[in-house]
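There are 2 protein chains.
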Amino acid sequence: MTAINTSSWHHVVIVGGGFGGLYAAQHLKNAPVKVTLIDKRNFHLFQPLLYQVATGGLSPGDIASPLRAVLRRQKNATVLNAEVTDIDPKHRRVILRDGEVDYDTLIVATGVSHYYFGHDDWAKTAPGLKTVEDALTIRRRILLAFEAAEREPDPQKRRAWLTFVIVGGGPTGLELAGTLAELARVTLKEEFRRIDPAQANILLLEGRERVLPPYPAELSIKAKTALTRLGVTVRTETTVTNIQEGTVTIRHNNGEEHIQAQTIVWAAGMKASMMAQVLANRTGVELDRTGRVMVEPDLTITGQPDILVVGDLAHYAHQNGQPLPGVAPVAMQQGHYAANLIKARLKGKRLPAFWYFNKGNLAVIGRNAAVADLGLLKFSGFPAWLAWIFVHIWYLIEFDNKVLVLFQWAWNYFTRKRGARLITGDETVPVLEKCFDTAPERTYITTSSRGR
Amino acid sequence: MTAINTSSWHHVVIVGGGFGGLYAAQHLKNAPVKVTLIDKRNFHLFQPLLYQVATGGLSPGDIASPLRAVLRRQKNATVLNAEVTDIDPKHRRVILRDGEVDYDTLIVATGVSHYYFGHDDWAKTAPGLKTVEDALTIRRRILLAFEAAEREPDPQKRRAWLTFVIVGGGPTGLELAGTLAELARVTLKEEFRRIDPAQANILLLEGRERVLPPYPAELSIKAKTALTRLGVTVRTETTVTNIQEGTVTIRHNNGEEHIQAQTIVWAAGMKASMMAQVLANRTGVELDRTGRVMVEPDLTITGQPDILVVGDLAHYAHQNGQPLPGVAPVAMQQGHYAANLIKARLKGKRLPAFWYFNKGNLAVIGRNAAVADLGLLKFSGFPAWLAWIFVHIWYLIEFDNKVLVLFQWAWNYFTRKRGARLITGDETVPVLEKCFDTAPERTYITTSSRGR
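The listed protein sequences derive, respectively, from chains A and B.
First residue of the first sequence: 1, per the working numbering; consecutive thereafter.
First residue of the second sequence: 1, per the working numbering; consecutive thereafter.
Note that these hints are calculated values from the structure, not bench results.
Careful, some of the hints might be misleading.
Listed next, the stretches of chain A that the computed footprint assigns to chain B, with coverage defined by at least 3 CB atoms under 8 angstroms from CB atoms of chain B [stated by the list, open to error]:
1) 57-66
2) 91-104
3) 348-358
4) 419-432
Among chain A residues calculated to face chain B with C-beta under 7 angstroms, some are [to be verified]:
5) Arg-72
6) Asn-81
7) Ala-82
8) Thr-85
9) Asp-134
10) Asp-196
11) Arg-235
12) Thr-300
We put the CB at the ideal spot given by N, CA and C, even for glycine.
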């Protein structure tokens with residue numbers, strides 16, 4: 001074992017431990033650099049499966065990997081669990097809430113969060129799905145809604161408890177709607193005594209003319225058919241104009257409508273995280289309409305060759321004029337490119353511009369149902385679902401050998417149990433104006449016929 | 001299938017879905033009664049494994065089963081997710097926060113919570129371990145302490161971040177201390193760059209002269225030896241006299257001492273839940289020193305043959321003068337007895353007094369280490385650990401076929417990964433007065449030797 005002093009090594013600071021930041025760190029493993037990965041969370045979150053946490057199929061621990069565990073064997077990498085508040089490009093310094101870190105090259109990969117199109121007051125009523133806490137909030141609300149419906153004597157109020165509105169017909173919205181339909185129709189079957197959870201009204205609202213707008217039209221149609229078969233009401237060309245506790249107001253071709261719904265989930269707009277504005281303030285870099293950072297062909301920002309932006313936070317329009325979509329494969333490839341660029345520079349070499357290799361798009365709708373667009377090959381149904389499972393488990397395993405998730409998945413698939421259906425947090429019981437005042441006077445099945 | 005009207009059936013209301021309440025409900029399955037199980041949580045929690053959640057080995061979903069899922073096929077049972085605030089024994093009525101439920105027989109099984117011996121202000125600094133939220137709070141504090149230590153430049157403060165004090169040498173205290181030692185010495189090994197987590201100072205404090213006071217003395221000695229080998233400092237005859245943010249004050253034979261520790265966990269006192277006081281107010285029943293309800297030989301309360309108290313909430317001293325311990329097997333057997341008593345009464349029969357059959361006691365200290373007291377047979381080490389695993393998995397499976405936990409357990413055992421190490425909730429980063437202001441200037445290992 002040879003120990004060498006690294007104090008003079010090139011220092012790469014990466015802000016954000018998502019797909020972009022973590023891939024950049026990992027691909028710098030054999031480079032003569034020091035890497036410091038800063039994140040305000042101590043884990044990498046596998047966001048594509050977050051909707052499974054929101055619907056009680058997986059636990060947060062199943063889809064999260066401690067960053068220190070992932071980078072444990074990478075001796076040139078240090079993880080810093082801290083919050084970045086500012087940067088100082090002149091002195092090449094990142095400012096933390098309680099300190100500062102010098103860099104030679106900075107990679108910013110802090111991603112995006114929800115955007116309510118100027119209606120930030122909707123956030124409280126219609127939470128989005130970006131963090132573990134978001135997922136647990138949505139899980140609590142969904143489960144509490146069924147509990148409240150079971151105890152609600154007023155039929156109209158009960159209907160509102162059993163109405164679930166998902167705003168946004170992208171992959172997250174579809175996955176949530178499809179899984180929620182399965183939860184109501186399969187998992188919760190026979191678990192309640194007064195309500196039939198299968199009567200739940202699950203609405204998926206999309207402003208444009210079809211769900212999954214970036215996908216080929218034929219797959220959008222297949223996705224809609226699959227969702228409808230699962231019992232989801234898909235309403236396209238429907239815009240949300242207001243959200244208040246218990247009510248969603250929508251506008252469509254036939255005018256305005258008020259939907260009484262106690263559970264509303266936001267899966268529509270996205271805006272760049274706070275670091276984009278910090279970069280704009282400190283370097284003058286241009287931001288796009290949703291606040292993302294306009295990057296150069298090599299992912300640096302104008303006039304700042306030492307600052308790179310990767311992943312959802314970057315607006316990369318050098319490939320076909322359109323910005324690349326905010327999906328995990330783009331972030332991974334950009335993280336990898338950033339690492340390669342740093343390694344090339346240290347050797348005095350140059351790299352061609354970043355080029356995204358699109359391996360295809362996959363969206364899952366429910367058990368056995370998904371759509372896949374692999375360019376020439378488009379398919380749906382069970383084969384697409386299998387492909388989806390395979391790809392997702394593959395990436396999970398890559399980080400943390402999470403083979404357990406595979407077991408959990410198989411278990412859920414065969415038993416349909418969704419065992420992580422816990423109402424946790426501050427409110428754990430529904431509080432109604434007045435609930436049924438005696439035990440349900442329903443007609444029970446006699447002992448003799450119980451064995452059916 | 002014959003449907004019969006049950007509106008005239010005897011109505012058993014059970015408050016609390018722990019071991020006592022759930023066993024009572026399940027053993028009334030084939031009785032001609034209606035059962036309503038009321039709990040403010042929607043799940044049964046397998047409390048004996050809660051310390052695994054607090055140390056990142058299991059997720060809450062792994063040790064919790066939705067009550068509705070457990071009782072799904074029991075057609076005479078209804079689950080009510082509600083909070084009981086009072087009872088009205090005269091009208092045989094349970095009062096909810098938002099309604100009321102009539103009963104013919106009431107079983108109260110609401111258990112116990114922490115008791116700080118009159119120092120309720122200690123609760124904020126030294127949380128106990130009774131709920132999922134408690135476990136997540138302790139998990140966050142433990143993980144944040146290591147993160148803070150990694151960033152703390154002041155050696156004395158760093159030492160305080162790496163000092164963990166567990167108050168109480170009962171099974172929970174032992175399990176927490178042993179697992180925490182493994183976390184620090186095995187799981188976190190090589191994950192940090194500035195600190196060595198193995199240097200963590202883990203203190204287990206017990207007021208009496210030995211740990212596990214209710215066990216035979218030879219097992220207490222074995223438990224202490226095993227803990228010491230794991231790196232835990234066990235201090236007996238040591239009483240906590242004060243707890244403040246960052247400091248535990250203790251008193252022992254040599255006087256008073258102040259321990260600087262940022263992470264303190266309370267595993268000492270227990271007091272009865274609020275329902276005991278409600279029962280005392282409404283029926284005049286006697287409570288013991290810790291607030292538990294003094295019960296008759298048939299688990300009813302004096303003068304109220306229609307009200308039974310089972311589990312940790314009951315003080316049952318008719319067996320050998322000493323109250324039965326607050327452990328799961330007692331609660332299970334009492335729940336079973338309560339169901340039998342109700343069934344016997346409906347047939348006009350009588351039952352002999354409740355009698356606890358003690359199958360033995362088990363406490364786990366860490367990987368491969370446990371102590372078992374099966375009456376004549378006392379053993380420790382790996383065989384006791386295997387017995388412990390077997391018993392716990394057995395009961396988990398009984399409720400919810402949680403075979404996955406077995407996989408998770410095997411996985412953790414072989415990889416020692418503890419993958420559920422997530423810092424979640426409000427604070428996710430340590431905030432220090434001032435952290436290291438540059439990346440660590442440590443001596444990294446070169447690439448060539450990385451493969452060791």
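Outcome of the hint check:
Coverage of the segment 57-66 of chain A by chain B holds [criterion: at least 3 residues with CB-CB distance below 8 angstroms; count 8]. Counting residues of the segment 91-104 of chain A whose CB lies closer than 8 angstroms to any CB of chain B gives 7, so the stated coverage by that chain holds, three being the minimum. Under the rule that three or more residues need a Cβ within less than 8 angstroms of chain B, the assignment of the segment 348-358 of chain A is violated, with 0 such residues. Residues of the segment 419-432 of chain A lying with their CB closer than 8 angstroms to a CB of chain B number 12, which satisfies the three-residue condition for coverage.
Taken as an interface hint, A/Arg-72 checks out: its beta carbon lies about 5 angstroms from the nearest beta carbon of chain B, inside 7 angstroms. The restraint placing A/Asn-81 at the interface with chain B holds, with a minimum CB-CB distance near 4 angstroms, inside the 7 angstroms limit. Interface restraint check: A/Ala-82 against chain B, minimum CB-CB distance 5 angstroms, threshold 7 angstroms, status holds. The interface hint given for A/Thr-85 is broken, as the beta carbon of that residue sits about 11 angstroms from the closest beta carbon of chain B, more than 7 angstroms.
With a cut of 7 angstroms, the hint placing A/Asp-134 at the interface with chain B is violated, because the nearest CB-to-CB distance is about 11 angstroms. Given hint, A/Asp-196 at the interface with chain B, is violated; its Cβ is 14 angstroms from that chain's nearest Cβ, farther than 7 angstroms. With a least beta-carbon distance of about 31 angstroms to chain B, the hint placing A/Arg-235 at the interface is violated under the 7 angstroms criterion. Of the supplied interface hints, the one on A/Thr-300 is violated, with its beta-carbon coming no nearer than about 21 angstroms to a beta-carbon of chain B, more than 7 angstroms.
When held up to the earlier numbered hints, the structure conflicts with 3, 8, 9, 10, 11, 12 and fits the remainder.
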